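J.: What follows is the residue order along each chain.
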Amino acid sequence: MRIGRWVLTRALGGIFVLWAVATLIFFAMRAIPGDPAEAILGGPGSQASDEAITQVRSEYGLDRPLYEQYLLSLGRLATGDLGTSYALKADVAGLVGELFLSTLILTVLSLLVAWAFALALALWATRGGRIGRMIGSGMEIIAAAVPHFWLASIFIVIFSTALGWLPPISTPGPLGLVLPVLTLAIPLAGFLGQVMRESLTDALESPFVLSARARGESETGVRWRHAIRHAALPAISLSGWAFGSLISGAVVVETVFARPGLGRSLLNAVLIRDVPMVTGVALISALAFVLVTIATDAIDRVADPRLRSA
Amino acid sequence: MTATIDTQTAQPGALSHAGTRVGARPTVGEVLAVTALLLLVVAAIAPWLLTPFDPLAISPREAFQVPSFTHWFGTDESGRDVFARMIYGTRPSLIIGVAATAIGLVLALILGMLAGLGPRPVDYAVTRVGEVLFALPGLLLALIFITITGPGVVTSTIAVGIATAPGYARIIRSQLRAVRDAPFIEAATVLGRSRFTILRRHTLPNAIAPVFVLATLGVGQAIVWAASLSYLGLGAEPPAAEWGAMLNAGRTYISTAWWLTVFPGLFIVLAAAASTALGRSLQARTRQVQS
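For the record, the sequence lines run as chains A and B.
First residue of the first sequence? That's 1 in my numbering, and the numbers climb one at a time after it.
First residue of the second sequence? That's 311 in my numbering, and the numbers climb one at a time after it.
Excised from the complex, chain B in its bound form:
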């Protein structure tokens, strides 16, 4: 590395990719993703705006109705409206996804910062631990955690967080390492800033910004994971209208009442795909330091 510092790249956040399009017009995909997410947020905050039915009202005489104009997505084994249950299920499902991602990111930030900023032995130790956790199937970590703490919404959410943490930690570490060697850090050192100031003003903001993008990408996967655990009977339990639990309840009737399985799954795909699409376009728009 030469001692000359290019003023272009010496400013924080200036390591941007040639194709950055921070202020570019939104694409069709972005509009679709944001619309879908906004609808899901409305469903989570005010579900009664989107459906006239009560998600828990049982009426056995209306059980197993095929999708119709009254019941868009049909009714389940107790005559409850499937669409209403899906809308009301948005809140717990999204909260689980967001909370699990937050837990995973906090764990990963602690590990990643220890490895990325700590002295070499610490980095070595944390990286080895990460390797071990990475070598185990993520679901195994989640399963063991749930068996220790007992099944339920809270434990399965934490379990998903734990299972996703090693992957995030690895990215955060390499991000911190990349920023640490960036020209603008060198410039700040040359200007005589203290180590703490550099860390607070330059290293962290530049390394952490991509983490928020990761979080957007992660929420979708966390929802899928949490739903899988509910499906295996380890997460939210019926009659809760969480999407995974609804699918688990519907699996008994799969050969006769397909709509109990098909529609709740579509919502999971919609939520996960929309958050992934948003995360990816944020990534393209804010791409800074490439690891």
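Only chain A is shown next, with the shape it has when bound in the complex:
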């Protein structure tokens, strides 16, 4: 019963977020200076004739009152029709689906790699005493301060130009993923590592760890069986946020490595005012964010029994 209610509340909340995102994008894109009909015909450079503009206006319903256009677009979105991209003249749902898969592979791999780095660093730093803590926190702060585009450039200089090991442009194979994934993962590992190390330190000083030690549990056993669960909790909760920031990062990383994906298309779509494309990308990233947040909350409830009664 309680689980059913929880799922229902979360689902309604998610639908509200999607509606609000669609509304925000609709009006924000209208606020961009210039004629939308001209953007559909290929931007100011296209020198479209007056007849063509009039025709496009009536075809896309741009001559109707704004509230009518808004309701029409909402109605279309509600039925799952994302419309046709102005620039690519193709179905946005299909385009976005394909791009999302590419970005999803990139972001999920980066999240996993970041988790692995952060956990390794936290485990190592809490073992090394004061010096270990200092080096650990220094590495986290520096990693978190590195801009994606700069890290990408450094990787290209070292691994592509100097050593020639990896391609500077993201090729379809797994080799082409290495540099983009590392570029996204390292700064994120810095953020996650800070959180994980703090909660691991707290957990290692708490009474249940003392009692586990008193029972004769080995140091490794204490860490892996007891403390790590506590260290992971705040970092799991952060994963929703991390996913959102990875999509922001993907805009930069996909641009630098010329890799097709949501981020790069978003940048282009906003610049040429391709409203259906921007809406599609915004909706799918919001949907992904909502789903990841719900998933992390669910994982939290599984990993932390205290939350279940609340």
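Please note: incorrect hints may appear among the correct ones.
[Unchecked claim] Chain B stretches covered by chain A per the calculated footprint, using a threshold of three residues with CB under 8 angstroms from any CB of chain A:
#, segment
1, 449-455
2, 557-566
[Claimed, not checked] Okay, the calculated beta carbon distance ranges per label pair:
#, chain 1, residue 1, chain 2, residue 2, range
3, A, G138, B, R438, 36 to 42 angstroms
4, A, I135, B, T380, 32 to 38 angstroms
5, A, A116, B, V352, 48 to 54 angstroms
6, A, G138, B, T566, 30 to 36 angstroms
7, B, S484, A, A116, 53 to 59 angstroms
8, A, P234, B, P515, 24 to 30 angstroms
9, B, L349, A, S218, 45 to 51 angstroms
10, A, R30, B, T380, 33 to 39 angstroms
11, A, G129, B, V344, 58 to 64 angstroms
Simulated from the structure, these hints should not be mistaken for laboratory data.
Given the structure is predicted, the values throughout are model-derived calculations rather than measurements.
Heads up, the beta-carbon is just placed ideally off N, CA and C, and yes, glycines get one too.
Given the structure of chain A, go ahead and fit chain B onto it with the hints provided.
T.: Below, chain B alone, put in the same frame as chain A:
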């Protein structure tokens, strides 16, 4: 909650963490961070003290020189000294970072105070709006804002502020809520202080102090964000010696002149890491109310 009030925790600011070390000796990390920040401030105020070269003086015959004793970080495509450009670029880069953080915090304070102190319906509405903004990638908000207003230093600074506001607002709200339920507020109410006095004397000072720590942490990230926008060609434009714009200009020559990319990025990392380190140690030293 029981009605008894512990005198220890009933005083403002007394909810401190057991490990508080307000007056403790500075650690190595803190000394390094403060030194780096002081150097950056000197570079921002009086760049001519740190380098003899003019950041805008073009001398084509000296183009693309590798780092040497004369030109520490080499020269760029027009023969300008890269180190000098980085030093002179400190002022715009820091101003952008500080201004963007200030804009983000002011927006967040308005939203956070509405949610944290307002009646329940207002709190509900503002929290929902925050959730929506949070669900969008921050860069998307920044991109749309820049497209509406046109690219440039000012708009990209405001854009970074807007993109970071939802996160701050969330923290400020929970901070205010936590302080509102603290024992010393209860004590002030019991003593018959008016709501306004409590707000002004107790709630705000205790809730806002951590915000300044957040600001220190935020400046570093704002610099990184603003540089990213410049890199995408949406922020400061060449020949301005802003760090992100320098990196954007250097990306064309990345395979031949690595120093045009490597060194300006190092300054961004230095500034961001130093402000983060300082913010974190301030956080540890002043940790008050835990949300």
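J.: Please go over all the hints and tell whether each is borne out by the structure.
T.: We went through each hint and held it up to the structure:
no. : hint                                   : in the structure
1   : 449-455                                : holds (count 4)
2   : 557-566                                : holds (count 4)
3   : A/G138 with B/R438: 36 to 42 angstroms : 39 angstroms, holds
4   : A/I135 with B/T380: 32 to 38 angstroms : 35 angstroms, holds
5   : A/A116 with B/V352: 48 to 54 angstroms : 40 angstroms, violated
6   : A/G138 with B/T566: 30 to 36 angstroms : 33 angstroms, holds
7   : B/S484 with A/A116: 53 to 59 angstroms : 30 angstroms, violated
8   : A/P234 with B/P515: 24 to 30 angstroms : 28 angstroms, holds
9   : B/L349 with A/S218: 45 to 51 angstroms : 47 angstroms, holds
10  : A/R30 with B/T380: 33 to 39 angstroms  : 55 angstroms, violated
11  : A/G129 with B/V344: 58 to 64 angstroms : 25 angstroms, violated
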